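Chains A and B, in that order, are what the protein sequence lines are. Sequential numbering from 1 applies to the first sequence in the numbering used here. Sequential numbering from 1 applies to the second sequence in the numbering used here.
Wrong hints could be hidden among the right ones.
As the list claims (entries may be wrong) - The list that follows gives simulated cross-link-like pairs (lysine-lysine, DSS-like), each with its CA atoms no further than 25 Å apart:
#1 Lys-12(B) x Lys-16(A)
#2 Lys-51(A) x Lys-16(A)
#3 Lys-12(B) x Lys-463(A)
#4 Lys-513(A) x Lys-463(A)
FYI, nobody ran anything at the bench for these hints, they're computed from the structure. As the structure is a computational prediction, the values presented were derived from the model and not from experiment.
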Amino acid sequence: MKQFAELFMNLDRTNKTNAKVDLLKSYFQTASDDDKLWALTLFTGRRPSFKVNRTQVKEWAAEEAGIPMWLFQESYHSVGDLGETISLLLPRTSPGGSEKSLSEWFHYLGMLPGMADEQKRDHIIRAWTQLSQHETFVFNKLLMGSFRIGVSQTLVVRALAEATETDSNVIAHRVMGQWDPLDTTFEQLILDKGENDNASRPYPFFLAYPIEGDVADLGEPNDWFAEWKWDGIRSQIIYRNKELFIWTRGEELSTEKFPELHFLSDVLPDGTVLDGEIVTYADGRPMPFNVLQTRIGRKNLSKKVLEEAPVAFLAYDMLEANGVDIRGLTQEQRRVQLEAVHASMPAQNYFHLSPLIDFEDWQALRDLHPQSRDNIAEGFMIKRKASTYQVGRKKGDWWKWKIDPLSIDAVLIYAQKGSGRRAELFTDYTFAVWGDDGKLVPFAKAYSGLTDAEIGQVDYFIKRNVLEKFGPVRTVKPELVFEIGFEGINESTRHKSGIAVRFPRILRWRKDKKAEEADSLGNLREILNNYK
Amino acid sequence: MPKQPLLQFTGKSIYCAIADVHIDPWMPVGRAIITHAHSDHARWGSQHYLAHKDSEPILRLRLGQDINLQTVQYGERFMINGVKFSLHPAGHIIGSAQVRVEYQGEVWVASGDYKLEDDHFATPFEPVKCNVFITESTFGLPIYKWRPQQEVMAEIDDWWAQNRAEDKASVLMGYSLGKMQRILRNIQLQDSVIYAHGAIYTVNERLREAGFDLPELTLATKEMDRKLFKGALVLAPPSADGTTWIRKFAPYSVGYCSGWMALRGAKNRRAVDQGFVLSDHVDWPDLNRAVKETGAEKVYVTHGYTSIYARWLNENGIEAAEVNTMYGNEDENEEEEAAQDVSAGQNAYEEHKRELDETVNTDKDGAGL
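Can you make the complete structure from the sequences, with help from the hints?
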């Protein structure tokens with residue numbers, strides 16, 4: 001645990017990519033295979049659940065610290081991270097830390113699910129007394145399944161590739177898909193040179209960069225494909241050994257979530273992997289993302305949901321044909337194979353090709369771009385015909401050309417302190433527009449888009465202009481105006497404003513505007529009507 | 001007519017109406033008693049100042065050579081309009097004092113900023129019995145528990161030694177008044193030459209001239225040969241972060257000394273290589289100990305976690321109320337200076353955007369599926 005806690009703290013401390021890779025690499029070179037496997041489990045976003053109740057853990061910690069619950073909560077608001085708060089509040093009984101390894105602690109945690117509450121409490125407190133402050137922090141993160149670290153999977157893959165002297169694309173592929181540290185070993189997962197028998201394993205997604213400057217800078221239009229950029233869920237469909245798997249980009253196996261697509265196991269040739277977008281789809285066209293949202297996160301897909309929000313797969317790439325990895329073929333060649341698969345299928349409503357847009361020159365695309373929203377798209381994807389299918393976000397061959405976000409000028413009315421990097425600073429804001437009765441109506445929360453200097457200034461203003469306190473939330477004198485951008489807009493019965501916006505973010509601080517000059521609910525409704 | 005309180009919070013100071021004396025006023029007044037020389041407590045423009053004699057060199061440096069300043073020793077009593085005053089050690093920085101005010105048998109103590117641990121430079125804190133205690137609460141949350149000073153100093157020693165071995169400069173940041181003298185008195189000086197930023201150099205020189213036992217520092221300037229800084233210790237105020245001055249020392253490691261370094265968030269926001277948890281304010285256990293030892297039946301809580309700490313005291317049988325003051329801004333001033341630095345801010349912002357991109361994409365593509 002000592003070694004892993006140290007790795008975590010060191011990673012946490014540096015912003016330098018190379019330093020992070022070096023730290024990871026040295027960990028992968030020195031830790032035991034068991035520990036490496038568990039570390040990899042965490043670094044690839046797999047968070048084993050130990051069935052603990054956060055509220056109970058908070059109560060136990062407050063009890064151990066000898067403080068009332070309200071003071072625990074205040075401490076938590078200041079720190080912004082539950083695991084860290086607990087590690088700071090507990091009496092420090094073992095500053096030297098624990099000799100148990102990371103994997104031993106995982107096995108220790110593995111005993112929790114079968115225990116009664118009283119036993120769980122003792123089990124957890126016994127662990128706390130054996131760990132140093134940093135170790136307690138890491139332990140709490142494992143305990144509550146909230147382990148997150150500012151290291152992208154790409155960096156982990158790079159470090160592991162360097163440490164094991166293996167090609168990084170191979171490593172990227174090996175760490176993907178379904179695997180469980182309890183029934184595999186580091187040796188099997190990473191070092192096995194042979195063909196892996198993991199039929200469900202997806203390929204790493206190839207991601208596009210936003211286009212910079214003018215589209216004409218891409219050169220000869222004829223070298224490129226253009227497609228609509230669909231506003232759905234990026235997914236990979238795998239059919240191997242007569243079994244169908246649907247992966248989303250969040251690396252979750254979601255086959256059960258999309259019963260509409262299960263017919264593919266009857267019509268796809270064995271050994272097929274397809275890349276595309278899952279969208280809600282009716283009357284021959286996609287529906288807005290809002291509709292898809294109504295079924296995301298639902299445990300049970302009722303008949304009503306399936307009727308109102310049916311999905312379809314819009315395919316735009318093919319990564320494996322007849323069991324052979326074809327990512328090395330060109331985009332154009334893969335498209336031919338994809339179209340052949342589509343052509344061999346019976347007509348139905350759930351599997352479509354994402355059509356290629358016909359364009360003579362760049363001007364034609366520029367003219368078409370403003371119609372993206374009418375086509376329920378977020379803009380264009382532009383792909384080089386000669387490009388292979390690469391791993392992760394690579395510059396040069398796949399570009400996304402998005403439409404400008406919708407925007408509105410709104411007044412800052414509530415603020416809350418941030419967490420992690422931003423604990424102690426007011427960084428989470430709620431914005432309002434003027435309602436019909438002349439009162440401010442909250443309509444969106446946003447926390448990004450300001451520079452550190454601006455955040456400092458806003459924080460300074462907030463701390464001096466608090467009107468009321470509600471727990472961690474402060475009501476702020478309505479004075480500052482910000483331009484808020486968002487990607488989508490929809491009616492909502494859950495919001496006071498009657499409107500919900502998607503991905504709200506701060507575009508800029510309108511220092512030139514007074515609160516009275518901010519937009520109104522009427523303006524927001526106008527956008528809604530245009531958007532529908 | 002109800003008796004007027006001995007000390008009042010008037011919105012510009014802690015005021016004793018009977019004596020017509022202001023403690024740490026944040027606006028110009030006639031007669032001011034200054035607890036210590038930090039800029040949020042010692043402000044410019046009053047007609048008459050009174051402070052502990054060890055505060056004099058820095059007060060004159062910061063408020064002007066010609067201020068009308070009277071100095072006293074700890075424990076020395078002086079009367080103003082029948083009110084009995086005396087200053088007592090607060091242990092915060094050199095010359096820092098608690099102000100004891102007594103009138104008709106009632107005793108109030110305004111403690112300014114303070115810590116209980118002996119830092120081997122400032123005169124150590126002494127508890128003063130009183131009826132009413134006015135306390136700071138900068139670190140008034142149970143998450144703040146300092147480790148003994150010698151452990152933190154040993155960490156600094158190791159960090160410097162490690163950097164020396166790698167031929168890197170060790171740029172150590174902290175407040176120029178207080179923190180830096182404390183460090184100089186407690187770390188092992190591994191070199192005969194210690195470099196410093198102008199702000200720290202000036203304070204150090206003034207204190208040395210006044211006869212305090214501090215090592216001599218060398219002013220680090222942009223014109224100096226870079227090679228000099230290999231393996232050297234360079235003392236810098238937090239505002240120097242990201243300036244062209246600091247780049248001169250490359251390759252270097254940045255260490256930052258502050259109580260705020262106890263939290264990951266604060267540490268990461270500063271983007272320092274090493275955070276040293278070292279504060280000149282009381283931590284949670286010592287705050288409670290200090291309040292208890294005064295025997296006060298009423299406590300006023302100023303700058304920091306005022307409402308939280310006041311509630312805690314009330315629940316534990318000590319009548320307490322929160323008070324708004326303008327103290328505690330020393331950090332904000334430093335933060336503002338740091339925020340002006342474009343390059344550091346830009347880096348942090350870029351990093352933040354990347355993180356956000358990741359979250360947004362995950363939320364969208366994998367939301368709950």
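We went through each hint and held it up to the structure:
no., hint, in the structure
1, Lys-12(B) x Lys-16(A), "violated, 46 Å"
2, Lys-51(A) x Lys-16(A), "violated, 35 Å"
3, Lys-12(B) x Lys-463(A), "holds, 18 Å"
4, Lys-513(A) x Lys-463(A), "holds, 21 Å"
The structure is inconsistent with the numbered hints 1, 2, although it conforms to all the rest.
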